[in-house]
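Engineer: Each chain is listed here by its residues.
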Amino acid sequence: MFVPQLINGLTQGSIYALIAIGFVIIFGTMNLVTFAHGEVYMAGAFAGYFALTVWHLPWYIALVLGMAVGWSLGYLVEKVAFRPLRLAGHMPPLLITIGLSIIIRDLAHIFFGTENRPVPSIYGQTFEVAGTQVSVLQVLLLVVAAFLIVILRLLIYGTKIGRAMRATAQDHEAAYAMGVNVNRVFSISFSLASCLGGAAGVMVGMYYNAVYATMGASAGLKGFAACIFGGLTSIPGAILGGLIIGMVENLTVQYLASGYRDIVAFLVLVLVLVLRPQGLLGRRMRAV
Amino acid sequence: MLPLYKFVPSRDNWRVWLPVIAALVVLPFFVRDEYILNTAVMAGIYIILTSSLNITNGYTGLFQFGHAAFYGIGAYTAAILSTRYGFNFLLTLPLGGIVAALIGAAIALPTLRLRGIFLALVTIGFQQITYLVIMNWIGLTRGPMGIPGVPSPSLFGYELMSNTGYYYLILILVIIAIFLISRIVTSRVGRTFVAIREDDLAAESVAIAIFPAKVLSFVIATFFAGIAGAFFAHHARFVSADSFRLEETFIILTMLIVGGMGSISGPVIGAVFLVIMPEVFRFLAEYRGVVYGFIMIAVILFRPEGVAGVPGIIQTRGVFSQADKQSTAEDPIP
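Protein chains in written order, with our numbering: chain X, 1 to 288; chain Z, 1 to 334.
If you're looking for bench data, these hints aren't it; they were derived computationally from the structure.
For glycine and all other residues, C-beta sits at the position ideal for the given N, C-alpha and C.
Check the hints yourself; a few may be wrong.
[To be verified] Just a few of them, taken from the derived set where beta-carbon distance is under 7 Å, the chain X residues facing chain Z:
| no. | residue |
| --- | --- |
| 1 | I7 |
| 2 | P92 |
| 3 | L273 |
Bound-form chain X, shown alone (with noise of 0.2 Å):
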């Protein structure tokens, strides 16, 4: 059981991976964290379920519309939490986006109800690979995931809107004064990472079979820890992290209980911070 519980891991850390990329984005160019990124996921698995159940369209729609859906309350979160408060520190947005937070998924209670949404089951069919089943949609959810990442960094290094996000991160000031408007790529990124998050929730809404409205806290948190253990602002550690906390969050299902699947990440979270709060491969920071 060992290796289809890897598998299985690998799947849902590619999920938890294109989460903790938008922490990193956001942290990157921003300097900030947010807390509604988990509600944005959980909107966009909620645009998923709305495209594969309710209207019956193809997959691929159903993920662009979770994209879109992430990118455009990205950009209002953006809008609402972090453009006021540009000059304010870390703690008033982190404040504003716990209070946004609170209030999406308190809405998606009211509108879609507490239950659990179905997503149909789509390419359930498995195949053996060395002794071990799986199955089509773990290798697409794979592909998608890999696929998006590759275009990101695409365009990171390879646009002009991707050099005037690198050269923020860098130093905002400097940019801006080199001409880059810092608000327009502030805002961008912030989409970007929020259109991220859209995908994660359509995949996870097609991985799992369901969708609901208070999915979205502990996956946010989640992805946060897999940020932190790649140290906030390197898209390859959220990449590592992401798949670690995924392949051990499985593992403690086998071998362990399955209600302590859930710690895993919260001990990556604290003892990676109180231990080495720098992360994997992240630069140093002031933090201590």
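Dock chain Z against the given chain X, drawing on the hints supplied.
Structural biologist: Coordinates of chain Z only, in the frame set by chain X:
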């Protein structure tokens, strides 16, 4: 007139606080409605929780987001000790506080070297871990089933059953807690806390041992949270992990922000307001979280010091403040 945030109850200003206490003492003679008394008891619990969170987040400027975990630890300590070992309320109340404070110290020692959001996030992590341990450590906590049948407090052979009894008990506890907190924050230790909040480097340069003071502030705050938890267990007579989730921390935090941080009156005002408001606007019951969220965002954007907090603890020099008004929207970075 003295600004509200400077008010600290003391011997000199008994004219202000004595009538308030007198009014609260006679309240049950006029209000017989069980429902209102129950609301008043809940307000009392939240006053203790918010006032204690104010010690770390308000006075010392340490943003910890794990208060509901310590509240839960106090509640579970009291529930387990009274149902399994028959401990009396007079013992479970202080023990709830002491266990919460011990765990608080164990958390504080490794984590308080972190600052700002990193401390906030590590305490959120601790909050989640506590919740999951309560849910899964069936042998100790009965997990999702919770612990029913916590006895009502019996004091000197007299068992408290009515809401009036609980009301007077929590009133006494609130008065003691606010008295103690007032004494602490006006003492040398309290001034140390404020010095650390305002400028920890300057505080260090005048020979304040920052780290022990931070730990002390954390321990005091978690002690009171544990006391509130122990009372809650005996009042609700049932504890389950659902009462001590991250959402509960955010409710206490909202009360603190709305009332205002770094003052004695702020947390009291915030707790009373946000306990009573949903009871008055019952038609909003479904939207309670939404309303809380909007109130919190509005307060941070437009009045970051809350109703009666010390100005400047949450600094929001943004487009809404005077300092930034002359700059244009296209020119956000100085």
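Engineer: Hint by hint, say whether it matches the structure.
Structural biologist: Comparing the hints with the structure gives:
{"no.": "1", "hint": "I7", "in the structure": "violated, 25 Å"}
{"no.": "2", "hint": "P92", "in the structure": "holds, 5 Å"}
{"no.": "3", "hint": "L273", "in the structure": "holds, 5 Å"}
In this structure, the one hint that does not hold is number 1.
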